[in-house]
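*Asks:* Protein sequences, first through last, are from chains C and Y. Going by our numbering, the first residue of the first sequence is number 198, and it counts up by one from there. Going by our numbering, the first residue of the second sequence is number 1301, and it counts up by one from there.
Heads up, a few of these hints could be off.
Claimed, not checked - When the alpha-carbon atoms are kept at most 20 Å apart in a straight line, the in silico PhoX-like pairs for lysine-lysine are as follows:
| id | chain 1 | residue 1 | chain 2 | residue 2 |
| --- | --- | --- | --- | --- |
| 1 | Y | LYS1357 | C | LYS239 |
| 2 | Y | LYS1357 | Y | LYS1379 |
| 3 | C | LYS208 | Y | LYS1357 |
| 4 | C | LYS332 | C | LYS258 |
| 5 | C | LYS332 | C | LYS257 |
No lab work stands behind these hints, which were simulated from the structure alone.
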Amino acid sequence: MRWKQIEDEPKTFALIFETGDEIASVLQQFARGQGLAGSSFKAIGALSYAKLGWFNWETKKYDPACVLDEQVELLSLIGDIALRDGEPQVHAHVVVGRSDGTAHGGHLLEARVRPTCELILTENPIHLQKKLDPKSGIALIQI
Amino acid sequence: MIKIKRLGCVLVLIGLTATMAHSQDTAGDYVAPSEAVPRGKAPRMQVQLLNPGEPTKQYAVIFYQGDEAFSGLLEFAEKYHVTSAHFTAIGALSGATLGWFDPQRKMYKKIPINGQHEVIGMSGDIALYQGKPVVHTHMVVGTSDGTTRAGHVLDAYVSPTLEVMVTVDPVAMQKRFDPETDLTLIDPALK
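So here's chain C without its partners, still in its complex pose:
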């Protein structure tokens, strides 16, 4: 993944992923490296593999909704970054399109890029904090 800051106000980055990059982990690393704490981002591209999650209220965990071990278009990736216990936490959802044009989507668990993914991220001066929500069992942004 190569990146560049393309604007100062609002602080905006372009992140360009390459074949073989795994988006969730690379983005998490970037967030930690840059100290991101109040960001939103969107991306398009294409993937050779995607693992998508669905939030299960019974188990309070993300079930793997589907695994697509094939070339798919990354039609939409939308997400945000907030702090949980001082650490940036990336939260992203994706829609992918298969070769017949049908769409699959879910919570981003794993996405392997082929050949590119173009992500634009805006970071804000005010930080967002996440706290554990006892009802859902996951950390939600609290204002």
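Knowing the structure of chain C, use the given hints to seat chain Y on it.
*Replies:* Here is chain Y on its own, set in the frame of chain C:
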């Protein structure tokens, strides 16, 4: 002659059936674009300005369990005097009503979404019509097997959260009524 009469009867019957099907569909299955949006259905919504002092404002608008997000976004726009904005969101829902615009009827056909779904992608904008903000948003929702449904958002009941990142621009965007569709459309030339 007899043949023609019979054909006439059949045509009348087809016509009647079609009319009945039409009226059955219309009852509750369609909604007019001008339908009033309720208020007070997102009591847990929270708003944070993320870049104080800048002309282009970045807000986090966060919804929680039970909030109805579409009317909540309109309340946000009214309260913060938004005249032009665009946003993206992710989260999850306990249910929603999406719409598909039927150009013949000039109405949205309701697409009911029942049960827990991921909000995989929601994007939209806010512009003014007759001085009042109007929220226009579409979403893709995901089921437990990763298949998707999508449409124009009529209502969306949040569970457990929906994170909306809004960019509010300093220059107002205006909508005008389009008699061909009965929709209000953004007209960049309108001041």
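*Asks:* Could you tell me which of the numbered hints above are not met by this structure, giving the numbers in increasing order?
*Replies:* none
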